[in-house]
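> Could you build all of it, start to finish, from the sequences and the hints given here?
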Amino acid sequence: MSENKALLSIENVETYYGNIRALSGVTVHADAGEIVTLIGANGAGKSTLMMTIFGMPRARTGRIMFDGKDITHLPTHEIARLRIAQSPEGRRIFPRMTVQENLQMGASLDKLEFFDEDVRKVFDLFPRLKERINQRGGTLSGGEQQMLAIGRALMARPRLLLLDEPSLGLAPLIIKHIFEAIKELNKTTGLTVFLVEQNAFGALKLADRGYVMVNGIVTMSGASKDLLANPEVRAAYLEGGRH
Amino acid sequence: MVSEVQKNNSAILRVERLSMKFGGLIAINDLNFEAKRGAITALIGPNGAGKTTVFNCITGFYKPTEGMLTMTRQNGEEYLLERMADFVITKKAKVARTFQNIRLFSGLTVLENLLVAQHNPLMLSSGYTILGLLGFPTYKKAAADAIEKARFWLEKINLVDRADDPAGDLPYGAQRRLEIARAMCTEPELLCLDEPAAGLNARESAELNKLLLDIRDETGTSILLIEHDMSVVMEISDHVVVLEYGTKISDGTPDTVKNDPKVIAAYLGVEDEEIVEMLEHAEAAGVDDITAAVDLMSTEAIQELEETHPDAPVASLVATGPARPIRPAVAKKQSVAKVAKATKVSEDAAPAKAVPVKAPPAKSPSAKAPAATKVSVAKPVAEKPTVTGASAVAKKSAPKSAPAKAAAPQIKAGATANALAAPREGKADRLIDIKGIGPVNERKLNEHGIFHFDQIASWKKADIIAAEAYLAFDGRIAREDWIGQAKALVKASQKKPAPKKSGGAK
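So the protein sequences, as listed, match chains X and V.
243 is the number that the working numbering gives the last residue of the first sequence; the numbers go up by one with no jumps.
506 is the number that the working numbering gives the last residue of the second sequence; the numbers go up by one with no jumps.
Hints listed in this document are in silico derivations from the structure and should not be mistaken for laboratory results.
Ideal Cβ positions, reconstructed from N, Cα and C, are used throughout, including at glycine.
Don't take every hint at face value.
Stated by the list, open to error - Computed, partial: chain X to chain V, Cβ under 7 angstroms: (1) G43; (2) F115; (3) G143; (4) P172; (5) L173; (6) K187; (7) T188; (8) G190.
What the hints assert, rightly or not - Under the rule of at most 27 angstroms between Cα atoms (straight-line distance), these lysine-lysine pairs were calculated in the BS3-like manner: (9) K121(X) / K460(V); (10) K92(V) / K130(X); (11) K187(X) / K176(X); (12) K156(V) / K210(V); (13) K92(V) / K149(V); (14) K183(X) / K435(V); (15) K21(V) / K130(X); (16) K130(X) / K460(V).
As the list claims (entries may be wrong) - Partner residues aside, some chain X positions facing chain V, computed with beta carbon under 8 angstroms: (17) T27; (18) V28; (19) P88; (20) E144.
What follows is the structure in structure tokens.
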């Protein structure tokens with residue numbers, strides 16, 4: 001674990017919901033320019049880890065470092081200001097705002113000169129959103145809302161992009177587009193991506209490294225290739241599967 | 001329509017001429033389909049195709065602009081759902097649903113969520129609270145029954161140990177299962193599930209398959225299902241209906257739909273490698289569904305143009321014809337779903353279509369002039385029958401020599417106007433840098449004389465039609481904006497003389 005060049009490093013983090021321990025001693029990291037994925041069954045704590053990075057809920061013990069800075073106790077909005085963006089599970093777009101306004105909400109304030117360019121990029125990625133530009137977020141179909149959530153996260157010109165189940169509710173064709181786009185962004189801009197996916201096969205194919213989480217504990221980690229080949233992983237997450 | 005023959009009792013739900021408009025937006029356009037009793041019917045399609053809107057019409061959340069929704073219950077009672085209020089639909093017509101964005105009562109416990117679903121019978125047995133307050137045994141028994149039923153479903157969905165936790169605390173996948181259980185507690189005859197497998201991993205969706213099959217087989221409940229996870233759709237559904245932009249584009253068994261080129265183009269987006277695999281597979285089987293269908297489609301497109309403009313030369317039509325006529329015409333004349341079904345169609349169709357069959361087999365002289373650097377746009381009228389005839393013959397005599405496989409060195413028939421015989425300076429651009437073009441498509445493009453980004457960048461509408469005819473994915477070029485991408489790549493290569501391996505366009 002080379003902690004020096006890690007953009008994000010999560011060390012020994014424990015998170016609780018009331019008295020229930022959701023994460024116990026989780027240590028993961030993402031190097032700059034890497035795509036890292038976290039796979040695991042429903043309820044394993046993957047989304048909790050994503051939210052913990054943003055301090056909601058806060059880690060009770062352990063440390064979260066971003067670019068050499070301890071962000072464990074920073075308020076959420078200051079964490080966002082460090083150019084960490086998240087496309088949360090369950091979309092959580094602003095339903096009464098239009099598509100355009102939702103994207104404006106996601107834009108980073110200190111890079112406004114890129115606003116038009118960024119909007120264009122999002123529309124390139126999801127032409128559907130362009131057709132719906134003045135429609136309220138709440139009237140979009142589920143998949144379109146998912147596109148909007150991802151687009152909004154990209155508007156922040158993030159250094160670290162947290163994607164919580166980006167493929168949720170999307171048509172197979174669009175999923176392919178998104179995965180290609182993530183790879184492309186990663187390749188061209190060096191964007192670091194931390195990806196949580198149920199579609200473990202797709203995620204591992206996309207990512208450089210992966211972690212497997214079971215009941216709030218990271219049980220396995222390694223290069224995606226190795227995880228894909230690992231019989232235990234195959235049995236637990238890949239079989240009966242997609243594609 | 002699939003089951004018009006045995007219309008009455010076999011269909012639990014008949015959707016006829018359903019349209020839904022929101023202001024100027026047509027969300028559903030003249031949709032017809034049936035859900036059979038005791039079967040699992042899947043509704044699939046790209047995002048925003050109108051699938052959830054169909055559900056909202058069926059369950060009374062929206063009043064459709066037009067159309068009739070007939071629900072026939074087991075006991076023969078018929079209900080016109082479009083005329084009923086939503087709560088009456090659940091109560092009387094026995095239709096229950098789940099939601100794409102989960103809508104549980106997150107503050108109530110898991111068990112309470114299931115009891116709320118049984119509110120109607122409980123209310124009745126408690127004499128609208130009064131008898132319940134007085135502690136009448138009927139109510140006590142009803143309450144016990146309700147809990148028993150809730151317990152039964154909790155066991156089915158594996159959540160007994162979480163019965164007393166707030167529903168909002170459950171992980172996403174469990175919340176989805178709970179929604180299904182809650183819907184089942186209303187004892188529906190038709191269960192509408194909106195993306196039940198979203199957020200489930202491969203194993204969990206396999207478990208979901210089992211649960212849904214159990215529901216179908218044990219309770220006899222018919223299921224209507226919206227889903228993007230093909231491992232669910234293809235494995236458990238008896239019947240699949242595909243929507244795109246509010247219109248039905250395919251309808252049939254999972255296998256039919258899976259191999260329907262329209263569905264592949266609009267929705268499934270099969271990988272290039274997978275196509276090769278499918279082709280090989282089909283070849284091995286001796287029949288060639290996809291290739292034949294695809295081949296037929298392009299032949300038909302040309303045929304169609306000929307019919308609409310009988311006196312114009314075909315090449316000029318292909319090269320300059322308006323963008324729209326091709327697709328609707330093909331779809332109208334012979335539904336592509338049917339085309340995909342079997343080669344028998346293509347075999348029957350080929351002779352019927354090939355009006356004057358007189359061309360040499362598998363060769364289309366018109367476009368093949370080896371040294372030609374440019375295929376001229378306007379072909380002489382005399383050559384018109386040759387082109388169609390040739391491709392029809394090619395198909396008949398050698399059905400497997402579809403564009404993808406025949407490795408012809410020269411430009412093929414149906415090439416676009418700006419085709420080249422060979423790449424300039426002997427070096428082709430890396431067309432696969434354009435998103436949407438894979439190795440297979442690149443090869444096809446090369447075979448048709450397209451080697452450079454600037455060639456694609458200069459395509460007009462008509463060229464797109466011609467290219468799509470041989471690429472076998474209609475609509476894709478516009479959707480993926482190949483032209484825009486190509487322009488950008490041309491620009492990039494002009495700025496830096498030699499980026500990557502591409503030889504620089506000029």
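> Looking back at the hints listed earlier, which ones does the structure fail to meet?
Of the numbered hints given earlier, those the structure breaks are 2, 6, 7, 8, 10, 17, 18 and 19, listed in rising order.
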